[in-house]
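Q: So you can see what is in the structure, the chains are spelled out below.
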Amino acid sequence: MTERQTARSEETAGNGILTISDLTVAIHGKEILRGVDLTLEQGRVHGLAGESGSGKTMTGLAVLGLLPHGARTRGRIELAGRDLLSLAPKRLNAVRGAEVAMVFQDPATSLHPMLPVGRQLTEHMRHHLRLGRAEARDRAIDLMRKVRIPGPEEAIDRYPHQFSGGMRQRIAIAVALACSPKVLIADEPTTALDVTVQAGILRLLRGLCDDLGLAVLLVTHDLGVMSAVADEVSVMKDGLVVETGPRGEVLREPRHAYTRALLDALPENARAAEDAGTESSEVEPA
Amino acid sequence: MTLLTVDDLVVEHRTPGRPVVRAVAGASLSVAAGEVVGLVGESGCGKSTLARAVCGIGRPASGTIAFEGRPVKPLGLRRRDRALTGVQMVFQDPYASLNPRRRVGDQIADGLRAAADTATTPADLLDRVGLPREFATRYPHEFSGGQRQRIAIARALAARPSLLIGDEPISALDASAQAQVARLMRDLAVESGAGLLFISHDLSVVRLIADRIAVMYLGKIVEVGRTAEVWADPRHPYTRALLGAIPAPDGAGVLPAELPGDVPDPAAPPPGCRFHPRCPKVMDVCREREPEFGPVACWLHEPA
Chain A
1 MTERQTARSE ETAGNGILTI SDLTVAIHGK EILRGVDLTL EQGRVHGLAG
51 ESGSGKTMTG LAVLGLLPHG ARTRGRIELA GRDLLSLAPK RLNAVRGAEV
101 AMVFQDPATS LHPMLPVGRQ LTEHMRHHLR LGRAEARDRA IDLMRKVRIP
151 GPEEAIDRYP HQFSGGMRQR IAIAVALACS PKVLIADEPT TALDVTVQAG
201 ILRLLRGLCD DLGLAVLLVT HDLGVMSAVA DEVSVMKDGL VVETGPRGEV
251 LREPRHAYTR ALLDALPENA RAAEDAGTES SEVEPA
Chain B
1 MTLLTVDDLV VEHRTPGRPV VRAVAGASLS VAAGEVVGLV GESGCGKSTL
51 ARAVCGIGRP ASGTIAFEGR PVKPLGLRRR DRALTGVQMV FQDPYASLNP
101 RRRVGDQIAD GLRAAADTAT TPADLLDRVG LPREFATRYP HEFSGGQRQR
151 IAIARALAAR PSLLIGDEPI SALDASAQAQ VARLMRDLAV ESGAGLLFIS
201 HDLSVVRLIA DRIAVMYLGK IVEVGRTAEV WADPRHPYTR ALLGAIPAPD
251 GAGVLPAELP GDVPDPAAPP PGCRFHPRCP KVMDVCRERE PEFGPVACWL
301 HEPA
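Protein chains in written order, with my numbering: chain A, 1 to 286; chain B, 1 to 304.
These are computed hints drawn from the structure, not numbers from a lab. All residues carry an ideal CB built from backbone N, CA and C; glycine is no exception. There are no misleading hints in this set.
Footprint (simulated), chain B over chain A, 3 or more residues, beta carbon under 8 Å:
1) 188-199
2) 202-209
3) 218-225
4) 243-251
Sequences and hints are given; from them, build the entire structure.
A: In structure tokens, the structure reads:
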């Protein structure tokens with residue numbers, strides 16, 4: 001890590017709401033994460049890039065204590081002074097969904113197909129915030145308005161299949177926001193969507209982050225998505241963060257050879273290289 | 001030489017008790033030998049239905065599909081027309097399109113048998129798609145998504161197609177495998193002199209491999225052109241919106257432009273131009289008359 005980056009991480013360490021330090025995760029003796037350091041700040045989107053298998057999803061899951069059975073962890077994940085890794089399961093349940101929430105890639109599978117969306121929105125409000133039925137429903141309608149679902153009063157009683165993919169992802173985001181979490185982990189939230197729909201979801205995420213002061217960890221392989229919404233970018237490879245920095249620096253002047261290889265492998269850049277008559281590099285999966 | 005000609009194709013989905021859905025509502029398209037045509041559009045626009053009709057899956061309501069000058073007969077209970085062996089498809093999900101209980105070599109051999117090819121072995125084909133020859137004796141579950149899709153491509157190539165169709169062949173793959181598999185399909189098709197109809201909603205990959213690009217919206221092809229030209233100067237407002245929605249990885253932090261509204265229900269398409277309710281440049285004529293011309297089906301670009 002360069003001097004400037006170290007300086008930066010020190011200066012922002014104070015505002016960090018979630019700090020992951022030296023996180024190591026081993027599953028069946030194989031190290032999936034090998035000492036990950038990451039800081040999420042209030043009102044900022046931190047993008048986590050890298051190919052599949054690099055450990056970006058595992059990092060997100062570790063924060064929520066959703067690692068696969070038999071995973072062994074080392075290091076610290078600090079949220080408001082507590083280490084989530086050493087929290088008892090019951091105490092962690094109080095954090096999950098209430099303080100840290102998650103949005104998954106495919107809203108068709110992350111929402112329950114047999115329950116009206118209203119029920120899925122009010123479930124954890126009633127559990128975590130101990131709200132009454134009517135109160136939770138009002139709040140759910142508010143949330144649906146916030147994520148811009150048209151006609152929330154009627155929409156709340158519909159089932160997931162009655163919505164389009166983009167609307168479903170908006171609902172999944174509303175579900176995540178139900179208990180006003182401080183941290184939102186979004187794992188490839190737009191990968192299953194069309195570009196036109198993706199644009200709307202990205203605007204929504206950015207707006208929520210700015211308005212509610214959410215700290216967002218955006219896991220994505222799409223460097224275009226990263227460039228559009230992330231403030232800071234970290235690039236992972238083989239369970240390690242190889243580069244961290246402000247979006248503009250990492251995407252425009254990557255320091256690590258791997259980040260440069262990722263950028264060169266983009267279809268846009270590959271085409272440009274081809275037009276210029278040079279052979280573009282391809283990133284081989286590890 | 002034109003390999004495939006699709007002319008004014010209409011494909012309808014009928015469900016009892018529901019209005020008829022015109023998934024493809026009068027689309028025309030051609031693919032020449034050695035040419036790569038990319039078909040792009042949002043989900044639900046009918047691009048997969050069009051691809052399936054070209055293979056003979058589903059019966060068109062009207063219009064014609066001709067492959068090497070002969071009409072494509074819809075697939076029935078009888079054996080598929082031998083001439084159609086020349087059209088091979090690579091499906092979206094290699095987890096579903098390969099038989100989990102047969103060795104991949106045996107599955108590739110099916111294609112060789114269809115083409116009555118006794119000189120080539122499955123291992124040769126694995127070699128061509130960049131996999132080790134000894135993989136022929138393994139089962140699909142032993143492979144990653146990208147490897148499985150390479151196997152599916154090997155199986156399609158075994159039948160010596162003159163037209164290869166990829167129906168979202170990369171959307172189930174990891175980002176790092178997507179560009180590789182797309183390029184592989186292009187290289188193998190062009191190398192053997194076959195045409196490739198590549199369907200994808202991923203515009204950046206289509207840009208990478210396609211010679212020509214066709215943009216589909218709600219069952220119609222709204223713009224066709226050379227890829228570089230369409231990219232540099234998209235003329236249909238829908239193409240503009242589609243390309244404008246792709247976020248650039250330039251580190252500038254610019255949110256992509258949003259296209260207002262949803263894709264209308266294909267069972268009740270809007271009158272006139274299908275794109276007019278979402279079009280930023282809508283004019284009176286757009287609400288009344290459908291632009292039935294090409295290469296840009298928009299009243300702003302009416303041929304003189």
